[in-house]
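In full-length UniProt numbering, the protein residues as written are 1 to 381.
The set of hints was computed from the structure by calculation and includes no laboratory data. Treat the hints with caution; some may be incorrect.
List of simulated lysine to aspartate or glutamate pairs, EDC-like, C-alpha gap at most 20 angstroms [said to hold, decoys possible]: (1) K54 <-> D296; (2) K85 <-> D133; (3) K258 <-> E331; (4) K306 <-> E324; (5) K273 <-> E233; (6) K60 <-> D133; (7) K187 <-> E65; (8) K269 <-> E226; (9) K85 <-> E70.
Simulated DEER-style distance windows between Cβ atoms [said to hold, decoys possible]: (10) S307 <-> D164: 23 to 33 angstroms; (11) D302 <-> G191: 23 to 33 angstroms; (12) V300 <-> D270: 29 to 39 angstroms; (13) L303 <-> P350: 23 to 33 angstroms; (14) R294 <-> S162: 14 to 24 angstroms; (15) P297 <-> K187: 36 to 46 angstroms.
The beta carbon of each residue, even a glycine, is placed where N, CA and C say it ideally should be.
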Amino acid sequence: MADVGGRARAPKMATMAAGVALHLHLQGDAAGRRISGEAAQVLLLGLLLLLLVKAIRVHKIGGPEVLTWEEVEIGEPSEGEIRIKNKAIGVNYVDIYYRTGLHQEPLPFVPGKEAVGVVSAVGPGVTGIEVGDVVGYADTPMGTYTEEQIIPATLAIPIPPSVDHITAASVLLKGMTTYVLVKQAFKIQAGHTVLVHAAAGGVGSLLCQWGNALGATVIGTVSTQEKAIQAAEDGCHHVIIYTEEDFVAQVAEITSRKGVHVVYDAVGKDTFKGSMECLMPRGCMISYGQCSGRPDPVPVSDLASKSLILGRPGMRHYTATRDELLHAAGEVFAGVAAGVLRVRVNHVYPLHEAARAHVDLEARRTSGSVVLLPAMPAADS
């Protein structure tokens with residue numbers, strides 16, 4: 001049993017709890033009073049229950065079936081840390097990368113990189129955050145598929161009162177990723193033409209909306225007619241159903257063979273080569289995911305024919321400081337408040353059914369954002 005905050009303390013804490021119970025049973029309390037063996041067992045159980053929460057853990061690399069629902073230790077926050085009782089947890093495709101071993105994490109681990117909750121405890125030295133505050137955290141540290149988690153206070157993002165838990169958990173990581181993609185890694189300007197793959201996905205949906213708001217002509221690719229309708233609603237001026245059409249040929253026709261200024265590609269292997277063909281001279285290829293697998297290696301010399309730029313940005317490098325983190329989050333929440341970003345929470349699962357969420361996400365049965373809830377709302381009677 002491991003601590004959610006990454007510190008393996010359960011055996012030590014269990015031993016300490018057992019020692020306290022045994023001491024009171026054999027030696028008595030401060031007043032010299034012994035307690036019965038049965039009472040000592042009750043005390044021991046109580047101490048242990050205070051330290052345990054439920055979480056999804058991965059003990060071996062594999063399919064969705066390796067996501068196990070079990071108890072983990074949470075403990076108390078240390079210097080500079082806070083403990084958060086999660087209310088809503090965002091599911092991202094990167095969670096699948098870790099589960100399958102595409103991205104490495106020491107086993108066993110709790111997956112998840114996005115959550116919103118209420119501060120339940122504050123460690124020594126923390127200022128500006130109090131018990132009861134609603135905060136979110138994204139990307140770092142990993143381990144959000146849990147009822148409670150300990151994080152460094154410097155990574156906590158205040159959630160505006162106007163944004164509910166589910167909306168915040170569905171837009172925080174995806175929204176800040178989108179901010180990096182459209183305003184940092186490549187700065188979209190009015191008049192640009194952009195190609196967005198997986199345009200109905202969590203980040204893809206936000207890319208279409210933000211790109212459209214910035215004055216770009218947005219071309220999106222999707223897999224079904226249903227997703228094409230959503231992409232159009234989200235600001236795509238042209239939608240390509242790639243299962244029925246050659247997206248390279250369609251982009252050439254739409255742009256009168258001029259190509260696009262930038263491609264945002266989260267698909268990877270299946271679309272990478274075609275995406276490069278879609279770029280105009282001096283165009284920019286932004287690869288930010290690889291749900292179909294790693295793209296084949298590209299010789300640097302291949303970029304020279306059109307003076308192309310190839311980038312693989314990571315959000316954490318653009319939110320490395322506290323100021324950068326809060327600025328990025330502020331941009332996202334401002335977009336939500338202004339109606340520029342409409343958050344689509346199309347799929348909600350109980351936390352203990354995270355495996356089902358992964359199955360649906362991998363099968364491309366989802367669109368918009370996917371959220372896990374530690375406690376599902378009661379059904380209307």
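Against the structure, the hints come out as follows:
no. : hint                              : result
1   : K54 <-> D296                      : 40 angstroms, violated
2   : K85 <-> D133                      : 11 angstroms, holds
3   : K258 <-> E331                     : 32 angstroms, violated
4   : K306 <-> E324                     : 33 angstroms, violated
5   : K273 <-> E233                     : 28 angstroms, violated
6   : K60 <-> D133                      : 35 angstroms, violated
7   : K187 <-> E65                      : 40 angstroms, violated
8   : K269 <-> E226                     : 24 angstroms, violated
9   : K85 <-> E70                       : 17 angstroms, holds
10  : S307 <-> D164: 23 to 33 angstroms : 46 angstroms, violated
11  : D302 <-> G191: 23 to 33 angstroms : 27 angstroms, holds
12  : V300 <-> D270: 29 to 39 angstroms : 22 angstroms, violated
13  : L303 <-> P350: 23 to 33 angstroms : 46 angstroms, violated
14  : R294 <-> S162: 14 to 24 angstroms : 40 angstroms, violated
15  : P297 <-> K187: 36 to 46 angstroms : 28 angstroms, violated
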